[in-house]
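Q: So the chains spell out like this:
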Amino acid sequence: MKDAAVENTQIHDEGIEKGAEKLTPEKIQQVYQKMMDAEAGARLKTYVESCVSCGLCSEACHFYLSYDKDPRYSPAGKVKQTMAVLMKKKGRVSVEFMKKASEIASTECNLCKRCAQYCPFGLDIAYVMLFVRRLCHKLGISPQYIQDTAQSHSVTYNQMWVKEDEWIDSLQWQEEEAQEEIEGLRIPVEKEGADIFYSVIGPEPKFRAQLIYQAAVIFNAAGLNWTMPATPGWDNSDMAMYTGDNEIMARIKRMHFETAMRLKVKRIVMGECGHAFRSIYDMGNRALGWRMPPVEVTHSIEFFYELIKSGKIKIAKKYEPTVTIHDPCNVIRGRGLHDMLRYVVHAICENVEEMHPNREHNFCCSAGGGVINCGPPWKMKRVNGNKVKAQQLFDAKSRGAETCVAPCHNCHGGLEDIIHHNEIGMDLKFLGDIIYEVMEKPESVL
Amino acid sequence: MHAIYNFVSGPLAWVAFILFFGGILYQLISRAMLAKKKDAYVYEYWNFYYAFRSILHWIFPFASTNSRKRPFLSIITFIFHLSIFVAPLFLFAHITLINEAFNVSWWFLPDGVADILTLVVIGACIFFLVRRMVQPDVKFLSSTSDYVLLALVAAPFVTGYWAYHQWPGNQIVTILHMLSAEVLLAIIPFTKLNHMFLFFFTRGYMGSEFGGVRFARDW
Amino acid sequence: MDISSSWDWNAGRKEIAQFGNWPTSFDWVEEPYASPDGEKIAAVVKTGEMEFSVCVNGTAWENPFDKVWFLRFAPDGRLTGIVSDTGQWTLAVDGEAWEEKFDYLWDTHFSPNGKSIICAAQNGMRYLLVNNGTPWQTAFANMGHTAVSPDGSRTAAVVQTEGFKEAEIFKFQEGCFSVAVDGQAWGRNFVNAWGLTFSPDNQRVATEVRVNLYDYTIAVDGQPWPTTFPSIWKPSFNPTNGSVVAPAKTPGGWTMVSDGQPLWNGRYAQLWHQMYSPDGNHLAAIVAPKYGHWTMAVDDKPWARTFDDFVTDASFSPDSKRAACIGVTNKRHHICVDGQAWSEGYDMVWAPVFSPDSQHVAAKVEKDGQFTLVMDGKPLKNTYTKVWDPVFSPDSQNVLLRALEGSGSDTIYTRSVLPLNKFLG
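Chains as they are written, first to last, in the working numbering: chain A, 1 to 446; chain B, 447 to 665; chain C, 666 to 1090.
Keep in mind that the hints were calculated from the coordinates and are not lab data.
One or more hints might be untrue.
[Unchecked claim] In silico SDA-like cross-links for lysine to any residue, where the CA-CA straight-line distance does not exceed 20 Å: (1) Lys705/C - Ser1081/C; (2) Lys45/A - Ser476/B; (3) Lys191/A - Phe735/C; (4) Lys830/C - Gly375/A; (5) Lys80/A - Gln581/B; (6) Lys1032/C - Asn225/A; (7) Lys638/B - Phe467/B; (8) Lys1032/C - Arg262/A; (9) Lys34/A - Thr892/C; (10) Lys80/A - Asn640/B; (11) Lys996/C - Thr298/A; (12) Lys317/A - Glu181/A; (13) Lys638/B - Val85/A; (14) Lys484/B - Pro916/C; (15) Lys1032/C - Gly193/A; (16) Lys1051/C - Arg262/A; (17) Lys309/A - Glu350/A; (18) Lys191/A - Asp1012/C; (19) Lys830/C - Met160/A; (20) Lys89/A - Phe636/B; (21) Lys88/A - Arg477/B; (22) Lys191/A - His774/C; (23) Lys191/A - Lys705/C; (24) Lys484/B - Ala40/A; (25) Lys1032/C - Ala194/A; (26) Lys732/C - Glu166/A; (27) Lys1051/C - Asn225/A; (28) Lys22/A - Val876/C; (29) Lys711/C - Phe735/C.
Modelling step: build the complete structure from the supplied sequences, incorporating the hints.
A: Have a look at this one:
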């Protein structure tokens, strides 16, 4: 275990390394001071200086638990190694120090805020880590892959360099595919005045187009008046939020919400993604001066809950294999959807075996907070950093669970790697996958 | 000796109290102003109901998940925090002094009970010290200042206990008792001991965000 | 001359088409669109297996296509739809496809006078704009943010001028994007360029740019301002003196800057969608004077009335003396004119429209799934299955109501010219 932690210090990231070549201690100090003057307030000061180093946050963190309780991975330990030193030395730190700080803030913390639930004072370590990430952004030493994603957002307003025509083409392609199964099915593009704008994340048109297909089938069966835009703004995801490029975060959220306003929809229903929810419900809207999302935002969990509870979607035959439930931090700890999630899962599945701890005390998938978006160099560090999740999954499996339901894209990515690496042998599904499978499809032509 | 005693129990005590109360005021006002300027969210999302809900869950032992996970530590910290307030505030000797000076007094603890509470504080400090030195994550997190602060918290209680029991050198120890208590009071607002009053704001803000925006428990 | 002056402005109701019947003729009828003059209603329909067309007033276009989407009427009344045939895409105007075909085509824009129809297109993974069927001479690796000059003669877009591979972040940071006007790229690259705008004389183009990862400014005809800001929004040209204004972020908050220098004194939590009055003498914008409070500011003076959710669809009256917007609080949409919100809140409100004499404001509104028009706070007596935005007659004495009346197969599309007294108190 210790060895794995040591190995982790040898990882080469082009974004950090090459970015650091342009840095000098003077430049670090200058950028640090400028940022402290402009953005460091009472929260940062209190979060860093009033921590009594009691260690009560340590066991909240899956990295800490998974790396054999290596104190460097304890939440307060991450602050101690980064922001606390920066503040104590007033930014007079070495380039090596900042490289390490970038690594700690970007690849060892999922910003899951579980530690805020374990710190007696409610100190927000995720906030401090985000502050460090923003400093790293200002210094140009963000990890390469997540930086590339943030750059994609800045150009295309989506996460994956999806071009405008590719997006529309994907929708039309999925519409055609779905029509083979359900005659007359439509993915209404640019339908002004629809009730719902269905928004997704960049990887959906790129890699998981079947999710759009499934969503269309569900919308269609529920008889809803919905639309998807043919313009940038369709993507709700946001890695700029996680590199600390708050200006780009704000810019892409503006586009997203103004797309909803332009389409005159009553609300945005978003696919099964966690970080995007955080961006449009919590961080992105605030960065623009909107106290809450200007247009109502409904996450898929809540949406499916509505559809099933109201009878708009009927279940033909429940999903038989025993499932377990993974609670995505950003919609559970971030929005309290755990009861609705359970309602939906129990409504569509025969047997449910819970993992523990769960609900708002769940363990993160270790992919969240942009960590999986830091890409291949950091993959094993992330996977090994979540042995506790592997153990939870093993436990659930030993009680019969064959499928893990995870209503979040990043969780899927993270859990997939955990399941594969630890040879757990478990299926991974979105709620939409199962609902599509078990629902009554009124106009099916098959 | 008398001159020192008079100085420590007189002007120095005033200085300590002024620094204590003035320091708290300064910290609260300066942070409130700083937050107004740079942390508008704290004001925007602050909600007294959710703030107190969270504070109450974290003040009492076993009301939070983390507290239930470590019953021994929870009880010790609770009694420790209770004792460092109750023991000095309701000590007969302290109240007598105040009564002599200002002609006000209030209910006091039987000396035997106060004695036990003092021992609890000293015992807890020893426990915290051992924990800091032994438990790897806490050890890693600890800086010299953490040890010094612990010693400074323990000092008035150790010297107070010593003085009360009239052990050898208790004249000097009495002066040291007052001195250490004054030092402690004076530094509270300016060190991480300021969690004494900042707790209500950090916890309250987190409680407000979790209660009012995130709809999730933060305990 | 105003396009609408040639329309039929005689008071009265005309039944144009039995829209509810269309599903008996076609397998598939999409949501309808009404022409600006109200004389036509059109929808994408399916005419056979993998065969789509457009039905106008009950009659389908002669030639069907493999696919038709994004049906829109141009301001001059021409009906456009994006169509594909044998894997090639183009635009059909009143049923006639442009001669030029593309691998893909989308993003239809119209010049205000309706003379120009502009689309984005892709050929062999290269991107370009097409103006009235004529494509740019040069195509680019990527493209976005289409802009059309006021007279419709010129087009511009943000284009990618340098290639970079996946995750080649440092190459990107050197600047790989620029602006192309009529297919001609500026000689200078930026890290990013976004919203574009043409000058009123159609000669100049301004855009918001990021010159490195951190510094934002405005570039005019390729030349960035010497001053940079932590963030910036889309610029506008001052029609009277040609200067360029934009909302910019400063340490004290958002403010309006002109040619890089502060123009307004106010500092806002947010400031965007600025617009000059038609006479060019006033500058208004959507603002948040305080975090979470939204309104309109005219010449740096925010209205006292604010809204909690958002403000949108702001506009000036033709005489430049009045302004209107939609303000939303707690999901209730209000029309707000000159700082006074109409008392009634709606589930949805469409952009408010001023009468040509600037005396009246009307808008399309939705409540409980029914639609109607409201003028000066007073609604029509009836509600409808669907209505389109109101249009005032050139003399400001009448309002054109375009509506779907009835429901199901009895749905009729009607065009009514209503005197203003039809709006009840």
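Q: Next step is simple, just say for each hint if it's right about the structure.
A: These are the hints, each one checked on the structure:
For a cut-off of 20 Å, the pair hint linking lysine 705/C to serine 1081/C stands: about 13 Å separates their Cα positions. As the CA atoms of lysine 45/A and serine 476/B are separated by approximately 12 Å, the hinted pair is consistent with the 20 Å bound. As the CA atoms of lysine 191/A and phenylalanine 735/C are separated by approximately 9 Å, the hinted pair is consistent with the 20 Å bound. With a C-alpha separation of about 16 Å, the suggested pairing of lysine 830/C with glycine 375/A holds against the 20 Å cut-off.
Restraint check: the Cα-Cα separation between lysine 80/A and glutamine 581/B comes to about 17 Å, which is no more than 20 Å; the hinted pair holds. Taking the CA atoms of lysine 1032/C and asparagine 225/A, the gap is near 16 Å; set against the 20 Å cutoff, the hint holds. For the proposed pair lysine 638/B and phenylalanine 467/B, the alpha carbon gap of about 16 Å is at most 20 Å, so the pair holds. Between lysine 1032/C and arginine 262/A the alpha-carbon distance is near 18 Å, which keeps this suggested pair within the 20 Å criterion.
Restraint check: the Cα-Cα separation between lysine 34/A and threonine 892/C comes to about 18 Å, which is no more than 20 Å; the hinted pair holds. Of the supplied pair hints, the one linking lysine 80/A and asparagine 640/B holds, its CA atoms being roughly 18 Å apart against a limit of 20 Å. At most 20 Å may separate the alpha-carbon atoms for a hinted pair to count; lysine 996/C and threonine 298/A meet this at roughly 14 Å. Proximity of lysine 317/A to glutamate 181/A is assessed by CA-CA distance (about 19 Å); at most 20 Å being required, the pair is judged to hold.
As the CA atoms of lysine 638/B and valine 85/A are separated by approximately 16 Å, the hinted pair is consistent with the 20 Å bound. Among the hinted pairs, lysine 484/B with proline 916/C is consistent with the structure: their alpha-carbon atoms are about 11 Å apart, no more than 20 Å. Between the alpha carbons of lysine 1032/C and glycine 193/A the distance comes to roughly 12 Å, so the proposed pair stays at or under 20 Å and holds. Only pairs whose Cα atoms come within 20 Å are accepted, and lysine 1051/C paired with arginine 262/A is accepted, the gap being roughly 18 Å.
Proximity of lysine 309/A to glutamate 350/A is assessed by CA-CA distance (about 17 Å); at most 20 Å being required, the pair is judged to hold. Annotation: proposed proximity of lysine 191/A to aspartate 1012/C holds, straight-line Cα distance about 17 Å (limit 20 Å). Pair hint lysine 830/C plus methionine 160/A holds up; C-alpha atoms about 13 Å apart against a cutoff of 20 Å. The hinted pair formed by lysine 89/A and phenylalanine 636/B meets the criterion: a straight-line CA distance of about 18 Å does not exceed 20 Å.
Proximity of lysine 88/A to arginine 477/B is assessed by CA-CA distance (about 19 Å); at most 20 Å being required, the pair is judged to hold. Taking the CA atoms of lysine 191/A and histidine 774/C, the gap is about 16 Å. The hint holds against a cut of 20 Å. Among the hinted pairs, lysine 191/A with lysine 705/C is consistent with the structure: their alpha-carbon atoms are about 19 Å apart, no more than 20 Å. Restraint check for lysine 484/B and alanine 40/A: the C-alpha separation of about 7 Å stays at or below 20 Å, so the hint holds.
For the hint linking lysine 1032/C to alanine 194/A, the alpha-carbon distance of about 14 Å falls within 20 Å, and the restraint holds. Among the hinted pairs, lysine 732/C with glutamate 166/A is consistent with the structure: their alpha-carbon atoms are about 16 Å apart, no more than 20 Å. A distance of roughly 14 Å separates the Cα atoms of lysine 1051/C and asparagine 225/A; the hinted pair therefore holds under the 20 Å criterion. With a CA separation close to 18 Å, the supplied pair lysine 22/A and valine 876/C stays within the 20 Å bound.
Of the supplied pair hints, the one linking lysine 711/C and phenylalanine 735/C holds, its CA atoms being roughly 15 Å apart against a limit of 20 Å.
Figure legend: structure checked against the earlier numbered hints; every hint is met.
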